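Here the protein sequences come in this chain order: A and B.
Using the numbering used here, the first residue of the first sequence is number 1, and each one after it goes up by one.
Using the numbering used here, the first residue of the second sequence is number 320, and each one after it goes up by one.
Keep in mind that the hints were calculated from the coordinates and are not lab data.
Fair warning: this is a prediction, and the values are worked out from it, not measured in the lab.
Mixed in with the good hints there might be a few duds.
[What the hints assert, rightly or not] With the C-beta cut set under 8 Å, the calculated list includes, among others, these residues of chain A facing chain B:
| # | residue |
| --- | --- |
| 1 | V32 |
| 2 | L40 |
| 3 | L114 |
[Stated by the list, open to error] Some chain A residues near chain B, calculated using beta-carbon distances under 8 Å:
| # | residue |
| --- | --- |
| 4 | H35 |
| 5 | Q37 |
| 6 | G38 |
[Claimed, not checked] In silico negatives: residues of chain A with every beta carbon more than 10 Å from chain B:
| # | residue |
| --- | --- |
| 7 | R39 |
| 8 | M43 |
| 9 | F48 |
| 10 | Q53 |
| 11 | V122 |
| 12 | F227 |
| 13 | E260 |
| 14 | P303 |
| 15 | V315 |
Each residue gets a CB set at the ideal place from its N, CA and C atoms; glycine is no exception.
Below, each chain spelled out in residue letters.
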Amino acid sequence: MSEVLEVVLRLAAVVAAFLVLPLVVGQTEHKVMAHMQGRLGPMYAGAFHGWAQLIADGVKFVQKENVVPAAADRRVFTLAPAIALLPYLFVLLVIPIGPGLVGQELGAGLFFALAMMGVGVVGAVMAGWASANKYALLGGMRVAAQLLAYELPMVFAAASVAMAAGTLSLTGIVQEWQWWWLPWQAIGAVVFFVAGLAELRRPPFDMPVADSEIIFGPYTEYSGLRFALFILAEYAGIVVLCALTTVLFLGGWKGPFGSEQIGWLWTMIKVFGLAFVVIWVRVSFPRLREDQLQRLAWATLVPLALLQLAITGVVKIAI
Amino acid sequence: MSNHEAVKRVPGAGLAKGLAVTFRTLLRRSVTAQYPEVKPALPARSRGAIALLEENCTSCMLCARECPDWCIYIDSHKETLPAPEGGRERARNVLDRFAIDFSLCMYCGICIEVCPFDALFWTPEFEYAEYDIRDLLHEKDRLREWMWTVPPPPENDPSGAVPKEITTAERTAGPLTPGAGGDRDGGSEGGAGE
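The shape of chain A in the complex, shown without the other chains (with noise of 0.2 Å):
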């Protein structure tokens, strides 16, 4: 009965996480990029700084309209927000938060979440097909595009790690790592955050939904419940992208005192440092051509990360 019921938690809890994070991400961005380009951002709702901005967004979107456009395949596209919303959930579920505080203990939870997280891309393929909308099958097309580009340097980049750490678990990965993996796995770190923002189309690579080019590309159709559920996809994507990001590379739970104790609260500065630098980001670098994407991609990303993996196996043989 206990073990049913420590289940229950851990899911309510992941839930939750999944729930509140990545709202907190959206609002941090909504006030960090306000400021850094001189503004105030939201200031009315929840009357302190704004700080209810999404919740009201939220239930103005409820309000909305659910338009179906009437050439449009019904099924999929009605489905698809949940294609590209649920992943992250799952792969929430894996990401250690602390010594022992994962929701599922997955023995190969990075082969796990890396092929969730390509799953979350295919909602809005299928987004992009079938709204019978042009602009949204460019978006759509764009999005396969950059999903074939950056798949194969970020699990380069990931494999680099698995193999200094000998495991594909993510709390074996954060039990190996040492402070000294942060020099030795610099370069796949670059290109696996790198690789993780174009799949999860944000800008500066977010020609899929470019909207001065193809008005918001797969999304271009979707109003009220539908098109909230997809922002928040995305804004789900950056908080699994961070996590990822902390556990493979940054040490996860590990810090300069106290991991046992305060890990969860280590992993959390992490990642929301992390959310920052994509924040930051955003609001500082312009958007860059579909071309530019590919080239940066194919001719720089991938040798990098087979860079990465030869230093890794050198390193690896070394000690």
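Please arrange chain B on chain A, whose structure you already have, making use of the hints.
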């Protein structure tokens, strides 16, 4: 040119520069003015609305005629003052209506410039938006109300030449105490009343 070369020499220098710019802005105070809560500090000569000092107006119609938009409406009639002892009757203009249509006004300020009797003034007040465009026609009592918001004119430059008004006044009334408050609105009102 040299800057461009420097960017080429160090890969990623441009990216770092971009990040630095946004981060510096993040640390700086934002420039947003929270308008309805915090009123803007407007300069004294801001062109908000046009105020009418009805007592100074002689219905000479100069403002209405100079107005490029023809947005000033003036009605007046002549009134004959009874002859004082040993004099003759005097005719005087009485202002019946003075209205400015702020939906037409383009805030050029020509009416204020052209008024020979200092009856029109700028006020920095600007919050008179209306739901109905017809309500933007301000009649003379409303224009008179704006007078209370007209800021006092700037002090005379102490090292500058003495203004003509003061020398004229001194010629008739004797030397004025320096820095007396007489050179505010009252001074011009008195001048126009002559």
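_Hint check, failures only_ = Of the numbered hints given earlier, those the structure breaks are 3, 7, 8, listed in rising order.
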